[in-house]
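Chains as they are written, first to last, in this note's numbering: chain A, 2 to 455; chain B, 4 to 155.
Quick caveat, the hints were computed from the structure, so don't treat them as lab data.
We put the CB at the ideal spot given by N, CA and C, even for glycine.
Hints should not be assumed to be uniformly reliable.
What the hints assert, rightly or not - Straight-line distance between alpha carbons at most 35 Å, and here's what the computed DSBU-like set of lysine-lysine pairs gives:
(1) A:450 with B:26
(2) A:152 with B:26
(3) B:50 with A:198
(4) A:36 with B:9
Unchecked claim - Okay, the calculated beta carbon distance ranges per label pair:
(5) B:121 with A:434: 51 to 61 Å
(6) B:10 with A:326: 50 to 60 Å
(7) B:9 with A:332: 53 to 63 Å
(8) B:40 with A:36: 49 to 59 Å
(9) B:148 with A:273: 46 to 56 Å
(10) B:42 with A:315: 46 to 56 Å
(11) B:40 with A:334: 38 to 48 Å
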Amino acid sequence: MSLRYKQWFKSIAASVLLGGAALTQAAEPEKEELKFGFIKLTDMAPLAIAYEKGFFEDEGLFVTLEAQANWKVLLDRVIDGQLDGAHMLAGQPLGATIGFGTQAHIITAFSMDLNGNGITVSNDIWEQMKPNIPKQADGKPVHPIKADYLKPVVEKYKAEGKPFKMGMVFPVSTHNYELRYWLAAGGIHPGYYAPKKGDTSGMIDADAQLSVTPPPQMPSTMEAGTIYGYCVGEPWNQQAVFKGIGVPVITDYEIWKDNPEKVFGVSKEWADKYPQTHIAVVKAMIRAAKWLDVNNNANRPEAVKILSKPYYVGADAEVIANSMTGTFEYEKGDKRPVPDFNVFFRYNATYPYYSDAIWYLTQMRRWGQIAEHKPDSWYMETAKKVYRPDIYRAAAEELIVDGVMQASDFPDFAKETGFKPPQKEFIDGVTYDGTKPNDYLGKFKIGLKGKDEV
Amino acid sequence: MKRSAKAPLRALMVGVDGPRSEKLFQLLANVGIELIPRSVSEDSLYKLLQELQPELIFVDVNSTARDTLEHVVSSHPALPQPVVSADGDLRISLRRLAGDIGISLYVSERVSPCLLQALIDITISHCHSIGVLEQELALLADNSEIMVAALH
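Same shape as in the complex, but just chain A (with noise of 0.2 Å):
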């Protein structure tokens, strides 16, 4: 008899002893031959733990994962039905169904991870950067770093008259918003986008000039002195330190204390057409993420050993490893404990907060992806269309009833709004409240607000 349906018997039993309440036994899903895509990146891990712990299985679902090669097509092959989903940066989903660049109505229901990024500047930016970051008792740098310690090098440049150059992943990358956030919160400016008049280069009036480069190139690219620095998940930034060609100054936990990280993006039309085949989905995948976090990160040894073969991340155990088993080297031999640097399930980290997608849609706004002013009902409303908290306790509602997990692993979905308190631990001291995000805008010095325009 096979897990799913020891499962099913399992779940009637237990139905049974409930009273008949929970007799919503789940249905068989509509496609069971499914093509998912991801970016060979550590946070792709709950589909390769689906995958590989038979989760996929026990739902009925036949997966096949294929590596993409760049965000773009990812997306583009998930709106033309090439593949059935894929792990996603947050801001594909949001900027597809506004229209900044590919559009497409992308929804997800499930958020994949919190925090998961660094920043590194060359080993000659570091050097540069030193004199300026205040010492501990041993001699290593206070952390967290903060941009203001790189301003004086960019400002130097400047007065040189060479551009400030940077490395991110995308456009509506969660590195490129991360990057920009550490760089204003230092006084650095990142730069505007103006899509009304055709330049979305994200670079007008730019302290710092901020490019797309492939996660897998970012060390080669900054090795041969095109970028300065980078903005990237890993292993891209531990293998600057191994390869011995610059430091990671910041991670993004320290940047926003437990930021959503990537999302499971599909398009509306797929989830209307096989919503039960989507619910299956999202609960393989929460259980994928309970187990890359159980008994305090128990787990991840393994999980390192499966994400370094090569049709997964591809990259050295050793690399991997330093992040996700919860130290994180900054200057080579300068290794701290970063215990959240990835987390993939606890503080409700798959769930989908409203509040989260409102975060990327401000920082949109702060850079002039939406060019106008945007009431707070519009941000409200957009965040409802692309993020589906309902279809998330769907699958977390039969995964209690299959016994398989406790009402205690989620939010209580009787009182959840779908919005995070407001959220104080930012580097720059700012507080972020979901249901005010007009309000939050008017709170950075740096960045567009009210009804500016560029």
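On the provided structure of chain A, position chain B as indicated by the hints.
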């Protein structure tokens, strides 16, 4: 520097591998489009595209340089742009070009919709026909070897 409206169209290939690149080279030469003989890496794209200003860019859909290319062209409206608002036959042709040949096309405003349609059709036909011919010749060679082996 802006190129003359009468200058021949120029094309750049990004991430297109050897055999497809050779087929495209022959095709473009036959129809009078000049192929810019440059190898392109992600980090050189920002500088290279502004220097060379091609009217056409053929990019492998699976190239790691695709995201960079998308950003570069979105920053400079005078550079070739992805064709996103195609309808009817053109839309089908673009899908075939991406699906069957593995190539996406970026074009500048000098390339009219009619020219674009013709160019895509001939690219699909040329690459597909040569591919079929090569397969048939390989099959013939295999069969000949089997027949020779059988005779001995």
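Against the structure, the hints:
| no. | hint | result |
| --- | --- | --- |
| 1 | A:450 with B:26 | violated (52 Å) |
| 2 | A:152 with B:26 | violated (50 Å) |
| 3 | B:50 with A:198 | holds (22 Å) |
| 4 | A:36 with B:9 | violated (47 Å) |
| 5 | B:121 with A:434: 51 to 61 Å | holds (56 Å) |
| 6 | B:10 with A:326: 50 to 60 Å | holds (58 Å) |
| 7 | B:9 with A:332: 53 to 63 Å | holds (58 Å) |
| 8 | B:40 with A:36: 49 to 59 Å | violated (37 Å) |
| 9 | B:148 with A:273: 46 to 56 Å | holds (54 Å) |
| 10 | B:42 with A:315: 46 to 56 Å | violated (24 Å) |
| 11 | B:40 with A:334: 38 to 48 Å | holds (46 Å) |
Consistency with the previously given hints fails for numbers 1, 2, 4, 8, 10, ordered from lowest to highest.
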